[in-house]
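Just so we're aligned, residue 1 is where the sequence shown starts under full-length UniProt numbering, counting upward by one.
Note that these hints are calculated values from the structure, not bench results.
Each hint should be verified, as a subset may be incorrect.
[Stated by the list, open to error] Derived DSS-like pairs (lysine-lysine); straight-line CA-CA distance at most 30 Å:
1) Lys280 to Lys235
2) Lys72 to Lys143
3) Lys235 to Lys309
4) Lys214 to Lys301
5) Lys143 to Lys309
6) Lys231 to Lys68
7) Lys160 to Lys301
8) Lys26 to Lys36
9) Lys169 to Lys214
10) Lys143 to Lys68
11) Lys133 to Lys68
12) Lys68 to Lys309
13) Lys183 to Lys143
14) Lys183 to Lys301
15) Lys235 to Lys68
16) Lys119 to Lys93
17) Lys182 to Lys216
18) Lys169 to Lys280
19) Lys280 to Lys309
[Said to hold, decoys possible] Restraint-style ranges between C-beta atoms, simulated for each label pair:
20) Leu230 to Leu91: 43 to 49 Å
21) Leu140 to Asn225: 21 to 27 Å
22) Leu230 to Cys163: 35 to 41 Å
23) Ile51 to Pro90: 55 to 61 Å
24) Pro90 to Asn53: 52 to 58 Å
25) Lys183 to Glu57: 37 to 43 Å
26) Lys183 to Leu261: 31 to 37 Å
27) Leu140 to Val42: 50 to 56 Å
Quick caveat: nothing in here was measured; it's all calculated off a predicted structure.
Think of the CB as a built atom: it goes at the ideal place given N, C-alpha and C, for glycine as much as any other residue.
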Amino acid sequence: MNFTFEEYNDGYTIYAGGIQINQRNKFEKALLESKKIAQKAVEENVELIAIRNTLLETQHQLELQLRKLSRKESFQRELSKVLSHDLQEPLRKINLFSSRLLENEDLNHETDLGRGLLKISRFVEQVRHLLEKLEQYNGLEGKALEHVPVNIEEAVLKAKMDCGLSSEKVNIVFENHLEPDKKFLSDNRLVLILFRELLVHAFSYHKNDDYTSKIKISVDTITENVFTELKDAYKYEECLRIVFEDNSNQKYIPSTSIFDLFWKLDAEDTELRFGLAYCKRIVQLLDGNITTATNKKQSLKFIITLPFK
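Model the full assembly from the supplied sequences, consistent with the hints where possible.
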């Protein structure tokens with residue numbers, strides 16, 4: 001019971017109010033429950049505000065990434081135009097001009113002028129080849145990946161045939177194969193290009209002699225952490241491992257330079273060649289990794305890991 005006392009000149013009044021005990025407990029319980037609900041709503045509102053702020057920040061970062069991607073695509077389009085036309089056209093004209101001069105019956109190829117024009121023609125062809133490779137490299141990301149079942153042995157033999165390499169020049173030995181129950185899904189077009197580039201690279205060391213390049217290829221599976229960029233993040237999945245061993249490049253000393261855009265066989269080599277940056281970019285597009293290693297015989301190994309899609 002609650003009482004209130006009010007006094008007047010001619011008397012006083014007493015006000016009394018009460019509630020049954022069971023009703024009071026119910027009322028107080030309802031008040032406490034309402035208080036909890038209100039507190040929870042406040043807490044959830046704080047969480048929602050934090051989530052909203054996080055989403056806004058993520059949206060801002062996404063916008064920045066999209067801008068970078070748009071600039072990159074615009075740059076690639078411009079670069080493709082430069083490589084395919086702006087740089088090729090002057091080279092074509094130079095080559096045409098020197099060829100016309102060489103066709104002149106009064107010009108002796110044994111003269112200084114004749115030898116100079118021949119050197120210019122060879123140089124122009126070399127530069128045009130490098131520009132074509134650059135254009136191909138720049139256009140790697142132009143097509144969407146199509147994941148289909150890929151047989152590594154068939155892909156290697158197809159790449160060898162595409163390169164026009166005979167068994168007398170390149171001997172390929174498959175040391176082991178993927179288990180029959182394992183299905184490797186990847187982009188067949190990129191896998192073919194990858195093996196073409198590796199075979200051409202191996203053959204380039206001895207293309208002018210009778211040496212037979214011997215290639216050993218082994219295929220198995222390995223478990224790797226799929227998080228390569230994030231620190232302290234771990235998720236292990238089974239990957240395909242391809243070991244491409246080449247015994248033809250005895251002069252090679254392993255370094256990261258082999259994956260540069262341009263490289264030379266050795267210090268005495270005068271020809272600038274397109275490097276294995278092409279191979280590295282292909283492997284990256286396939287979400288894989290490529291490294292090099294050597295053994296006691298000085299043969300070079302390319303170790304390629306690719307995910308099972």
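Task: Hints not upheld, ascending by number - done: Violated hints: none; all satisfied.
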